[in-house]
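What follows is the residue order along each chain.
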Amino acid sequence: MSLDQLYQQIILDHSKARHGSGLAATEAPEGTSTGQSHQLNPVCGDEVTLRLAVQEGKVAQIAWDGAGCSISMASASVLTDLAEGMTVAELHEVIDSFREVLRSRGKVHADPGLLGDAAAFEGVARYAARVKCAMISWVAAEDALNQAA
Amino acid sequence: MITTVTMERAEYLPAPQRFEAGTQRISQAVALAAAANYLTETGLDRIHRWEADLGQRMVAGLESIPGVRVLGPAAGKERIGLAAFDVEGVHAHDVGQFLDSRGIAVRVGHHCAQPLHRRLGLTATTRASAYLYNTTDDVDRFLEAVAGVRAYFRA
Chain A
1 MSLDQLYQQI ILDHSKARHG SGLAATEAPE GTSTGQSHQL NPVCGDEVTL RLAVQEGKVA
61 QIAWDGAGCS ISMASASVLT DLAEGMTVAE LHEVIDSFRE VLRSRGKVHA DPGLLGDAAA
121 FEGVARYAAR VKCAMISWVA AEDALNQAA
Chain B
1 MITTVTMERA EYLPAPQRFE AGTQRISQAV ALAAAANYLT ETGLDRIHRW EADLGQRMVA
61 GLESIPGVRV LGPAAGKERI GLAAFDVEGV HAHDVGQFLD SRGIAVRVGH HCAQPLHRRL
121 GLTATTRASA YLYNTTDDVD RFLEAVAGVR AYFRA
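Residue numbers (my numbering), protein chains in the order written: chain A, 1 to 149; chain B, 1 to 155.
Everything labelled a hint here was simulated from the structure, so no lab data went into it.
Mixed in with the good hints, there may be bad ones.
As the list claims (entries may be wrong) - SDA-like, lysine to any residue: derived pairs with alpha carbons at most 25 Å apart: (1) K132/A to A113/B; (2) K132/A to D100/B; (3) K107/A to D100/B; (4) K132/A to G103/B; (5) K16/A to E88/B; (6) K132/A to K77/B; (7) K132/A to L122/B; (8) K77/B to G67/B; (9) K132/A to G22/A; (10) K132/A to P115/B; (11) K16/A to A148/A; (12) K16/A to R118/B; (13) K132/A to G45/A; (14) K107/A to Y127/A; (15) K58/A to E100/A; (16) K132/A to S2/A; (17) K132/A to T32/A; (18) K16/A to G85/A; (19) K132/A to C112/B; (20) K16/A to Q55/A; (21) K77/B to G61/B; (22) K16/A to R69/B; (23) K132/A to R127/B; (24) K16/A to A60/A; (25) K16/A to S101/B.
All chains should be built: construct the whole structure from the sequences, respecting the hints.
Structural data, given as structure tokens:
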């Protein structure tokens, strides 16, 4: 597998764009229920703090701060785009699907209909050392979602 | 190791022997002796000089690459055959992955020195190590690869 298959264009773009980044400067919308989660990868020191706001059973907003590699930052950015507007149940389903693909060592293919741009992280599953990079913000989102919903 | 075993009970030698049951590690002892002889025949002084030369070549080369910051002694100062460095705008894990794809193995992370990294304003760095089996060509290939990192990640 080539480096370009791991670092798909969409991942490199999102690692720079970082949608949802800037937690400290972002207020949660009024009338929403929020959850916040801090996740750390002790192996490399990467960390993400993510806040998720829910209103009427839907994800109203995701805001996060993080320091890490391009995979972890791009993954948080893609998650933000994907999750906002989803129902709580839909986001749980997407997170479960993403986790299954990432932990499959390449055996389970991503469903682009369900995962959207997050399907681009399929290649990460072949690099065991990088799976946590892709998962860190999704684990934070799952934790925050459980608190907020 | 035991002293006496009956159907009812077992008695053991005092520690540490009581924990050293079974066959001694003969193959490992033989291999260690072979390794020590190899290093002695090669010459520890020669190995030290070679490592130091490779380290200098590595650091001098890294210092000349734009956006690369070498940690520790600058070129010309005494150091062993390794260099930890930061590539501006590219996380160490990405640097490592890029080098790996070119057949170059490095270590990435905080190298069990988190407080030092924090003091230096970094979360993780890349570290390349050379030894007696590395050549100057290896170092040059490594430097050429590092020089391509920032362009690949558009840093």
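Quiz item: Does A60/A lie within 25 Å of K16/A when you go C-alpha to C-alpha?
Solution: Cα-Cα ~23 Å, so holds.
Self-check item: K132/A paired with L122/B [C-alpha distance capped at 25 Å]
Solution: 20 Å, holds
Quiz item: Would the pair K58/A and E100/A pass a check requiring their Cα atoms to be no farther apart than 25 Å?
Solution: 23 Å, holds
Exercise. Assess, step by step, whether the Cα of K77/B is no farther than 25 Å from the Cα of G61/B, and give holds or violated.
Key: It holds: about 14 Å lies between the C-alpha atoms, which stays within 25 Å.
Quiz item: Would the pair K16/A and Q55/A pass a check requiring their Cα atoms to be no farther apart than 25 Å?
Solution: 29 Å, violated
Exercise. Starting from K16/A, check that the Cα of A148/A is at most 25 Å away, please.
Key: 28 Å, violated
Quiz item: Has the given pair, K16/A with R118/B, been kept, meaning a C-alpha gap of at most 25 Å?
Solution: 23 Å, holds
Quiz item: Is the hinted pair K77/B and G67/B satisfied, with a Cα-Cα distance of at most 25 Å?
Solution: Given pair K77/B, G67/B holds - Cα atoms ~21 Å apart, limit 25 Å.
Practice problem: For the pair we were handed, K132/A and A113/B, check the Cα-Cα distance against 25 Å. | Solution: 21 Å, holds
Self-check item: 25 Å limit on alpha-carbon distance, applied to hinted pair K132/A and K77/B
Solution: With a Cα-Cα distance of about 38 Å, the restraint between K132/A and K77/B is violated, given a limit of 25 Å.
Self-check item: 25 Å limit on alpha-carbon distance, applied to hinted pair K132/A and T32/A
Solution: 29 Å, violated
Quiz item: Regarding the pair K132/A and C112/B, is the alpha-carbon distance no greater than 25 Å?
Solution: Distance of about 19 Å is within 25 Å: holds.
In terms of the numbered hints stated before, the structure departs from hints 6, 11, 17 and 20, listed from lowest to highest.
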